[in-house]
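Student: Heads up: the protein sequence lines correspond to chains A and B, in order. Under this note's numbering, the first residue of the first sequence is numbered 1, with each subsequent residue one higher. Under this note's numbering, the first residue of the second sequence is numbered 1, with each subsequent residue one higher.
Source of the hints: derived by calculation from the structure; they are not laboratory data. Any given hint might turn out to be false.
Pair ranges (Cβ atoms, derived) [said to hold, decoys possible]: (1) A:Arg474 with B:Arg334: 42 to 50 angstroms; (2) B:Ser76 with A:Val130: 55 to 63 angstroms; (3) A:Asp472 with B:Val130: 55 to 63 angstroms; (4) A:Val130 with B:Pro156: 21 to 29 angstroms; (5) A:Arg396 with B:Arg135: 48 to 56 angstroms.
Beta carbons are placed, not taken as given, at the ideal position from N, Cα and C, and that holds for glycine.
Protein chains: 2
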Amino acid sequence: MRPAPQLDLPLALDRAAATPLHAQLAGALRRAVLDGHLPAGARLPSTRRAATEVGLASATVLAAYEQLTGEGYLESRHGAGTFVSHHLGADSTAPAPPRRAPQDDGAAATGSGTRAVDLRPGRPDTRRLVDPAWRAAWRSASSQVPSWEPPPLGLPALREQVAAHLRVARGVPARAEDVVITAGADEGLALVAHALELRDVVVEDPGYPSARRALRRLGVALHPVPVDEHGLVVDALPEPRAGGAGAGAVLVTPSHQYPLGGVLPLARRLELLAWARARGAVVVEDDYDSEFRYGAAPLPALAGLDGDSVVHLGTLSKVLTPWLRTGYLLVPPRLREAFAAVRHDLGTPVSGVQQQALATYLAGGSLRRHVARARRDCAHRRAHLLASLASQPHLRAAETSAGLHSVVVLPEGTDAADVVRRVAERGYLLAALADYAVERRDLPPAVVLGYADASLADLSGAVTAVGAACADQRLPVTPATTPTAAASSTVPRAVQPRSRSRPGG
Amino acid sequence: MRPAPQLDLPLALDRAAATPLHAQLAGALRRAVLDGHLPAGARLPSTRRAATEVGLASATVLAAYEQLTGEGYLESRHGAGTFVSHHLGADSTAPAPPRRAPQDDGAAATGSGTRAVDLRPGRPDTRRLVDPAWRAAWRSASSQVPSWEPPPLGLPALREQVAAHLRVARGVPARAEDVVITAGADEGLALVAHALELRDVVVEDPGYPSARRALRRLGVALHPVPVDEHGLVVDALPEPRAGGAGAGAVLVTPSHQYPLGGVLPLARRLELLAWARARGAVVVEDDYDSEFRYGAAPLPALAGLDGDSVVHLGTLSKVLTPWLRTGYLLVPPRLREAFAAVRHDLGTPVSGVQQQALATYLAGGSLRRHVARARRDCAHRRAHLLASLASQPHLRAAETSAGLHSVVVLPEGTDAADVVRRVAERGYLLAALADYAVERRDLPPAVVLGYADASLADLSGAVTAVGAACADQRLPVTPATTPTAAASSTVPRAVQPRSRSRPGG
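One chain only, chain A, in its complex shape (with noise of 0.2 angstroms):
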């Protein structure tokens, strides 16, 4: 008989810190893995042995080894225990079942001619935002206003709470003086390409049409990789080549990925940081809506298994509104220098009322408890719009484990440009897939639909129209319509992914 395993870890759990136990020792577990101080194929303790070891409770022993389990790294073999994971390493198989999922939404009206709802990504569901802690937090943050710029890297009481955020919400050991404030995901995006002088980004296809525009009028080259039902294929990416500055980034949405919804799998993971090692690259983790999952708990973000290589891109406009127009960054330390000294150089465009007002608001805890009712209300929306899809035998629904949006994919040989263009006209806006792509034209028919801000009897109306759409596609051309040929060229231009439809806001 085999001595029982002993987990045998440098473990430093901090009973005060804000991050929960189960989440210490778990992080303990995934360097443990990383570093190899816990080989692949290695039994670890049952949970009620290693709790009596490192002292704690069984339940947060059994929490810490789920989320492992769920992100990869543990494999849990019925009656024989738990063990390091064998498929991680160098090969590229999924150690987790591929999660799609979905994002968010809008439900405004542009005008094309009559007014239409807006059901194209990038709305969150403001409707239960202003409550009286949002109101007293701006109301204290009005009525101090000093003579002075807010400091460069935003206001200290800001970037703690959002050091907190992400050390709760995205298992990444954040300090406040790596995080710095932006005026919403693409300024921070335009600071990345300023601070590390980008002169080549590795891009998503399909990926953003608006952090493409945003790099291109910054002189950036760009290089599509493409993505399949697990995200960004790491495969693909370009040869490391020699030299060091200037070596390029990636810029990658791991948690959800924008706009098919894939979970970037561990071995991924760690293949695509070795990648950006080896080349001297920077990881930009676009890390939009993760906060809006339905079932699995996401996986920690890219930022927490590197700290050195990761730029962690976030933003309150999922979470709060694009209204705002402020996010932020997690840097690395190494290259925090930089970052300041591009805002030394460019001044900082984050108002100070409005650091103020969110700070407080971050402080009293009502961050967690808007997102939690938002997550419950788009949970409903998702579901009813589940069920509308099923009604319809020729649409499915793409993963939608995640996010405020659902991509729809439309039967085989549909044209979706000339999908969109007649759902518009009964009074639906949504954005074809297509227009996410850069080089592909392998993609399936879809049509993109945001949902966190609409209605539910819009989402059915909408889904009714889709239908409608492409049963009318397949009826008979009559000389006097040519759908087909002219539908490339005929969409208006109401109806392109919205000018600023980026997730990141």
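Fit chain B to the given chain A structure using the hints.
Tutor: Chain B in isolation, oriented as in the chain A frame:
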């Protein structure tokens, strides 16, 4: 006897417009002079006759004549009447007496060992800003939080308020659709650089270091041109180059040169605009503190002289506070598309809540009232500063008819950097005039002192400290301290111009 002169102008006065009638009349007369419709030397009708002719009160006509006389367009000859000035044209003779002025100020504290009073320029007076109207504007704005992004060029309500402010306060026929709301003058300048794809910019020497830093960071080559007591030496501008696109820009502070305080005379303004047109260049008019005048009315903004070549760069940092990070641009209609395209690509950084709050605040007339109050307070501090300086026989204030700061000229041969260091040891942070220079080595020894946010006691204390430091420097040097030799290299970082000391904020 000659026939009595007539105005005979195509006058389209609009009694319902926000622009006062005397300003409308002055604008029409100004255009007539510039168009050659009223040639140099032409005699104008008496105010009474003109009033009858155009159907206005005599007092209204008188106000228009006085304004144009102050601006240098008209001359009044005792007993003979009012004439179009002979001084307009290609020569650089100043038609109006030169005026110099101070700027703005700060009164916080930075840490260089002990806590010091920060009197470097850049801070307005915010002590009376938070009033019921301010609170109400923020309360209302923070209660309406949509789920979408603010419009790329700004909220229409705020753009309209800014246009009205420019019409009334700066004599510019501004339209809301030509206004762009910015995240402060820094962001505004970066937006200009992107929209015009600037590669070369003429800057004033001395001028503000932070604008130069921002332009350099954006890859723009700087071409310093000297400034004299009237402002930019237009004759020293580089020769017009052949070729259209990317012909560059000149960044100028015509209403109140930063930091020296000169007011660019009308003749130079016209030459500058002619230079820009010949070169296909754009004049970027940084109008950072023109609201603060003590006595003479300000010259109208350059943008009112040439709506096609001038981009007007404004800020709320001086009239409200740099804490807000909000400013604006007035853009020629032919360039509007280029600005919209940059915002489309890079996103908008200005919070919707804040834009809405400012629109409400401005619409209620509160900005005008606040500026009037702040101007009175600043005039009081300025008078106290001048009185303090008068008590120090070796110190001299440069002209201070405007702004929120003063340039204090030290005795010839004084090492100003050493004075700044010595004064910092006594608890007052100032800037040295030399820190604003690009290539200039011929500037007088001087320090720059902001007074808008300072207490009277601090102003007296700082002046006494400057006087004492100058006197100390003239003492025999002991081997232990060799201030002259060590001065430049030992000035602590904290007393360099404040990192974001940019006037526009």
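Student: Can you list which hints this structure breaks, lowest number first?
Tutor: Per hint list: zero violations.
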